[in-house]
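*Asks:* Listed here are the chains, written in short residue letters.
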Amino acid sequence: MTALTATRRAAKAESPGSSHFSHTLTSDDGLKLKVNVWASTKPVATLLYIHGIQSHSEWLFETGPFLASKGINVVAMDRRGSGGSEGERGHSDNADLILRDYRLAWQYAAQLYEHLPFIVLGQSFGGSILAALACRYPMRADAIIFSAPALGQQRSRHDLYKLNQLRAIKGQERMPLGIRDAEYSSDDKYLRFIANDGDVNRNITSSMASCLVELEDIYFDNRLCLQRIKCPVHLIKPLHDSIIDMRTSREVLARHIDIIEHEIDTFSHYMEFSSKRYDLWKSIRAICANAEVSQ
Amino acid sequence: MKEENYAFLEKCSKEYLAQLERCNDPGETVEKVFLDIMDQLENTVFYHDHKLEGVNTLGEFKRRIPIRSYNDFDCYIDLILRGAQNVLSKSTCFAFYKTSGTSGKSKYIPSTYHWRQEYRGPALYAQWGLYFKLIKAKSLAAEHVLDISWARKKGEPKAGIPIYSITSRPSTLDGNDWNPPWHDSNWFFSDKDVGHTEALVKMLVETAINDVRVIVSVNPSKIVSLYETLNSNLSEVTHGLRVRQANESDSQVLSKIDLLLERISDRASVTLTDLWPNLDLLVCWRSASAGKYIQWLNHAAPNVPVVPFSTVGTEGIVSIPVDSSASGGALSIDQGLYEFVDIDSLGDSAASLSPDHPTLDYSQLEVGKRYRLVMSQANGIYRYDTQDVYKVVGWVGKTPRIDFVGRSNVGSSFTGEKLSEDNIYQAVRKTLNGLCEKLPLFSCIPVWANPPHYVITVEAGDEALVENHAAIERRLQEQLCAVNEEYADKCSSHRLEPLKLVLLQPGAFNVINKINVNNGISSAQVKHLWIQPNDRLLKLFESHGLSMTDTAEDAE
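Quick mapping for you: the protein sequence lines, in order, are chains Z and H.
According to our numbering, the first sequence is numbered sequentially starting from 56.
According to our numbering, the second sequence is numbered sequentially starting from 203.
Just chain H, same shape as in the assembly (with noise of 0.2 Å):
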């Protein structure tokens, strides 16, 4: 574990380097992405359906190419499910990202040989540059890193091609594909695994003794859920610890369990900080809902900084920490083409864009501005309308600052209200501000009837929150009233229903993840949503007992 991995090392620091120059001149990389999108879509299907040939310059692609919705590639998707070879791209699609679904339907996303080696292996080692630079690492153990970002596991085949998340992968490839010096640590996730909290057990048994000095995860809630797995289960770690040492002869590991089993042998909670007292650096998701996780972060990993995880879709990276920047990377320019449409320009910024709407390139952005991203990537995905909202917070060199904003389509509105994730999170935290010791976790479940209305469920671990439920309930209507003037104007009219307060047993969002993982969602997949699309969770707590207060006539 001890060894040194200098090559690994100057490579992430190369491509890094070589990020940071492209946003001094991203012209020209422009341009190579354009070439090299079009060399990839010689002679395909989606070629000669486009009439793309003779096409050399971005604003004919742009005109024979219209704006899609996922649904306009089904076509092609189902080509290269029945066999079809240069569907969408003549480098050979070994296998469909699929999304998470958080609006629609299941989307699959091919990867191909060549997107990964070329466009995603490199934006990870400039990535990761920035995070080895940070934490000013000369030299690199496999030890130092924690990476939750992703888990080796095999996807399901469909008509042989496998379907895994963007976060899930069997293996690295050849050539320029991420290929980390801890890819084959023990301590990843893998088809191995056989549940979500045991495999973090595991992990934590596994990496426990090491000095871990960063801790990369694409979404915070799972280094949220790794703290919580280490306190909730400590006893299971210390016992693990103790295997180890009883089947362990290096007398320099026993010393160091030895150490460790001092520093947290009955303690009440340990931080990630205890375990790994060289902890200098997070990396995860702080844009849009994820940034409230921010303050649970604070607790499990006490003053270590967090910096963003790059903004990836499964459809491709989109922007590239390149500072220590709390949010917002440089627009990754390298990636793919990207095309842009003022939000404020548009209608109706839920529905789908025109297939010839006007777009915008990285240069004509303004700071403080929002806008939709169009999307092409070499994966074979042209021109598509991802219907994220990014808004621009300035410039690195002549690249843009981005942030992520949301989803153009994701929210609730029973009745044109436009509740919002920021919304909710502001009301919860204004009302329990001082009551609780640490905000519990919660979320918003709308509640269709007549009228309708929201519930507020949130995790009652601390007794203040029993003891003035109806206090707290009323507290939370006027401050949801407070932040959104469409909210309490819909309820004043009665065309909504005032909010109600569901108290949950602690812990109670976990139990539904492991649900779901257990069920067959990958747990990379599991997101915490500070509003449900729907009322399922709610009837999930309820018919699993954990529920405090009688959601029955809520769920009806």
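So that you can see chain Z by itself, here it is in the shape it has in the complex (with noise of 0.2 Å):
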């Protein structure tokens, strides 16, 4: 048993009134994507999880358990190249085959609880999936919820020459991405998971990096799109984000919709890893709790 699958057990055994099981979703281009559902036994909504360039659906070992003993169905799919879905490792050959991925873990998600409030969130660099997503795909949401997102990070980092750059080079070229995990959690034993998980994405591709830019390009090029969101949207972020420009995110969001605002008082980026993660798993509750189904 790996610390991974004990930890996990604990986390299961600590959340009585909900069940796990996974998934597998086939691919436009045919790889299997692995789907972790958090299951409640009694569900108030449902809550499709759309996770960070490093991370994977595993890290959310207590989050899942947690929001689903409180009534709220998580269902997460593992990104091409990530966790326990197929494909190249932190690689992707264009950003529309990540869209298209996520439009199927939308609907599979969607219809999987049909009468209940239906919410998306996107963590970090899943809320650049998920503002794309919307932009590109509208497909019903009862909210929507961005959680210290990457949003325009590439372009507040990157003078237009480096984008262009970006944009063009394709190819498998591997690059670290250069995060370090005590920016992900100051705690010892989200630490030591972190570093003895054999599935946390450490390189991406050229091709990926290249996509971070595409997918910007998406929302930012049909800003006006985000505009057709009509359900509430949230930012949830961090007292200070040590990966984000958290400044940048909100404007993105701010300049065209209205959005609801939290703040969790903890410094970690990776809220789940942090000793507020109870604030934030609190945070979504209510507003999962709260959302009415759109007609």
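I should point out that these hints are in silico values taken from the structure, not numbers from a laboratory.
You may find that some hints are simply not true.
Stated by the list, open to error - For each label pair, taking beta carbons as the anchor points, the in silico distance ranges come out as:
1. Z/Ile314 / H/Leu281: 42 to 52 Å
2. H/Glu400 / Z/Gly226: 30 to 40 Å
3. H/Gly397 / Z/Pro71: 36 to 46 Å
4. H/Asn736 / Z/Thr96: 53 to 63 Å
5. Z/Ser77 / H/Asn388: 20 to 30 Å
6. Z/Gly226 / H/Lys632: 51 to 61 Å
7. Z/Ile314 / H/Asn720: 55 to 65 Å
8. H/Pro479 / Z/Gly226: 24 to 34 Å
9. H/Glu400 / Z/Ser74: 33 to 43 Å
10. Z/Glu306 / H/Gly599: 52 to 62 Å
11. Z/Ser77 / H/Val445: 21 to 31 Å
12. Z/Asp242 / H/Cys277: 18 to 28 Å
13. Z/His295 / H/Val445: 35 to 45 Å
14. H/Gly570 / Z/Lys217: 52 to 62 Å
As the list claims (entries may be wrong) - In the DSSO-like style, the derived pairs of lysine-lysine whose C-alpha atoms are separated by at most 30 Å in a straight line are:
15. H/Lys360 / Z/Lys89
16. H/Lys335 / H/Lys458
17. H/Lys335 / Z/Lys87
Glycine included, each C-beta is placed from N, C-alpha and C at the ideal position.
With the hints in hand, could you dock these two chains into one complex?
*Replies:* Structure follows, in structure tokens:
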């Protein structure tokens, strides 16, 4: 039994009122994509969770069971090349493939509990995917949550020349992501988890680096589409985020849509692995529980 | 697979050059390591136990901390296992490395973020910088490397902390930890592999059409095993390639498979250079018992130079190769604090060092002399008596060039004969030289009786061995007496019985290795011992029908 499974089993034991199962979706180009579902025995809402660049759905080993035990079904698909999904690690040929995969996950999660309010959350890089998805494939959602989202980050970090270079260079050359684990958590328990996670993405390919820009291009070039989002949009952020320029992320959203802001009293980018994780979970639960099924 | 990794090459080259520079001015590095170790120690349980407050010189450090065996660390390891923090160092201990247990019980060595990022990672970049320099790599694709020096495997947890061997880890860490471009390659050994042979065959099929230029392993036995697996599973490898051919649409890949199949089909045996014609370099240990594999390596990859892997134990790196010298890397002065004890000054070289035994520093060593190593590393192992013996073979700048000789407490001695691995190797080589086409695999097994004796087990791939059994047995005894006078003396005084020769089915050692791997021993930890610690192996050969000689009496 690995540390990961041991921790997950412990988390499940603490979470009566929920069950866990996994499902496989097949992408348009034939990849098997793993979906983890933490299902509540008395569900009041369903949450689709889009994970970040380095993580994968197993990082929800506590978040999933906790929210499920509080009535929120949690559905999380591993991005192609991440976690238990197939595909070259840390790679996608282009952004469109990622969006098409998540459209599948969105449809799967939304129909799983059709009568319940359906909420989509994008964490970090997952926030960028969520914004692009909302522009490219408008689909039903009763609330949207951006959690420490990486929105407009490529534009805030790079000049036009570099952005064009990133767009142009495709390939499988690998580059380290360069994110320090200490920026995810300062807790030994979670650091140990990350250090021993064989599925953590430490590197991405140059094509994937290109995807980061392409996704931004979608919601910058079609920014008015964001105004089509009719459901409440929430922004949950830590007090300070050492990975994300949160002011830029906020601006990307606030310029076009009304957002409801929540601040969690932590300095960890990955709030799920901070001492304030219960505050985060309570915020997510409250948003989900108060969401109403759109007509 | 054709992507080039200039940034990675540059990092390796930079660390390699920095390593060379440190060799020229080691004093400053030693001071830096000392200060860092003190910083890691600050306010830990160990720090308070040893009253280290105010210690700011290496001399004081040595006075406050006695030389220790592993057992002296047991209480601290237990504390970490009970969930305590800041026990041996302030950096998070995220796993334990378990030793292979060549002597004594298994040991758990803490692995911390700080140690991996600031010490081990840079050392690996420096080491690989040399290899890339030797193959004159100006650009590098992941396909140019076959790295079998580690496996991506998760460890079994103990009290929530994973335990794995030094050559296994699930992933790289962030920062300066070793993160090569082939980190995510699908040919790596991983948890998904079902068996040792199957994993090697899969690796061969995955990499066969790569332009491999360097193979890197810690232990030479792994490279020999790769070669032997290739030849004993040639039909599986070609079948795997044909399956790839059937599923492949890329014309370049298809033509490479065609060419390869043409090259290796219908061959009785295939060398690693037949598979990878541009193979320029093999990397693996060459010192002590590992050096005895060289002739097998020459068979596996004719005319390919072999340079050493760093001398690395579970507790830390001790020497790093800095040039193409066959053996003897430079003391890795930036990896820890190293102290030495002249082996000739010890009455009983196998006994533990006394806690206050005087030690020498690197600058006091003499070429030609052998020393026992006492080591401190920033992972939390301080003034540890490694019982490893090194010989100084020269200098790299102002840093000693050292060769691993062996462990001071390994070998065999029933009645003081102190049989070494080298004794056995010499006796077998001299006996079988000219009799067999190539030296077969063998091992010496001590069999306790009254009087005790040794059994030399030899794989009998060659008919000549079977035909000349009695004569070879006699000759082996003569040769062993010639290389070890004590042994001869003990035999003549009947304190030892003459040795016995037991012939084995060809491939017998490989069968036992597979059994060990199947029983949960990491494949990277399966080592060939030229002298066994006990007669367990003999019983295994017997119980698995691998012995061609009746050993029932011997194993009594």
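*Asks:* Among all the numbered hints in the text so far, which are the ones the structure does not match?
*Replies:* When the structure is compared with the hints, numbers 13 and 17 turn out to be violated.
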